[in-house]
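First residue of the sequence shown: 1, per UniProt numbering; consecutive thereafter.
There may be inaccurate statements among the hints.
Unchecked claim - As a list, the in silico PhoX-like pairs of lysine-lysine whose alpha-carbon atoms are at most 25 Å apart:
1. Lys98 with Lys217
2. Lys146 with Lys179
3. Lys190 with Lys179
4. Lys161 with Lys146
5. Lys119 with Lys242
6. Lys62 with Lys31
7. Lys86 with Lys242
Since the hints were made in silico from the structure, they are not lab data.
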Amino acid sequence: MKKKKNILIVLTIILVLILTSAVIYLNTYYKADESVEVMASKQPTITIIDKDKYIELLPREKSDVGFIFYPGGKVDEKAYIKFMQKIADKGFNVYIAKMPFKLAVFNSNAANQIIKDNKDINTWAIGGHSLGGVMAESFAYSNQDKIKALAFYGSYPLSDKSLKESHIKVISLWGSEDKVADLDKIKASKDDLPDTTVFKEIDGGNHGGFGSYGHQKGDGEAIIDNNQQQAIAAEATVNMLKDIK
Numbered sequence: 001m002k003k004k005k006n007i008l009i010v011l012t013i014i015l016v017l018i019l020t021s022a023v024i025y026l027n028t029y030y031k032a033d034e035s036v037e038v039m040a041s042k043q044p045t046i047t048i049i050d051k052d053k054y055i056e057l058l059p060r061e062k063s064d065v066g067f068i069f070y071p072g073g074k075v076d077e078k079a080y081i082k083f084m085q086k087i088a089d090k091g092f093n094v095y096i097a098k099m100p101f102k103l104a105v106f107n108s109n110a111a112n113q114i115i116k117d118n119k120d121i122n123t124w125a126i127g128g129h130s131l132g133g134v135m136a137e138s139f140a141y142s143n144q145d146k147i148k149a150l151a152f153y154g155s156y157p158l159s160d161k162s163l164k165e166s167h168i169k170v171i172s173l174w175g176s177e178d179k180v181a182d183l184d185k186i187k188a189s190k191d192d193l194p195d196t197t198v199f200k201e202i203d204g205g206n207h208g209g210f211g212s213y214g215h216q217k218g219d220g221e222a223i224i225d226n227n228q229q230q231a232i233a234a235e236a237t238v239n240m241l242k243d244i245k
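Working from the sequences, and respecting the hints, build out all of it.
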């Protein structure tokens with residue numbers, strides 16, 4: 001009886017440790033640089049609205065093209081405001097999805113709510129960074145009637161969700177110094193993406209450079225700053241959006 005009681009105590013302790021570790025993991029993430037908050041409060045060219053399910057970046061002139069962005073895993077969605085602002089500045093509505101526990105895998109269909117809330121948008125595109133890109137592609141694959149373009153940033157599609165025969169416009173961007181994403185898989189993803197897909201390596205960029213949240217564990221050292229990397233990525237994204245406008 002005493003032996004069973006001891007086993008039960010040990011199992012309880014193990015369970016508590018597992019649950020504690022899970023809670024700590026799910027509530028630990030890369031926070032946005034302090035400069036993001038300052039920049040967001042002093043934006044003369046766009047309107048930034050922090051909503052319950054997403055952050056909205058609206059240009060001065062009304063647009064009927066919307067770009068939905070899924071953040072990377074364990075990264076504060078606000079860390080992408082600087083990047084997305086560069087796209088909104090060019091006249092496109094941008095929506096940064098907020099994910100449960102900062103993990104897009106828990107809500108790959110977050111775009112549905114954004115689309116539902118913004119019926120004045122006629123044309124939709126989606127994209128994401130790292131894990132966010134994987135989940136954005138998953139949504140695009142299942143909603144090819146809604147999504148006209150897709151952008152990967154340091155990311156690649158799931159092998160069982162091929163868009164090879166799709167008419168969706170696709171761009172795939174990554175940094176030459178990225179040590180987090182599997183660059184071989186990114187380059188090999190052309191087998192699962194349309195022949196018209198634009199692949200672009202950003203010379204000197206790294207994985208975390210698509211956001212503004214400091215150095216990511218395991219990443220390479222960038223040769224260019226994240227503002228330069230984001231400007232290059234934003235230009236490629238804007239060109240993609242112009243193609244579907």
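**Request:** Please write out, lowest number first, the hints stated earlier that are contradicted by the structure.
**Result:** Hints 2 and 6 not satisfied by this model.
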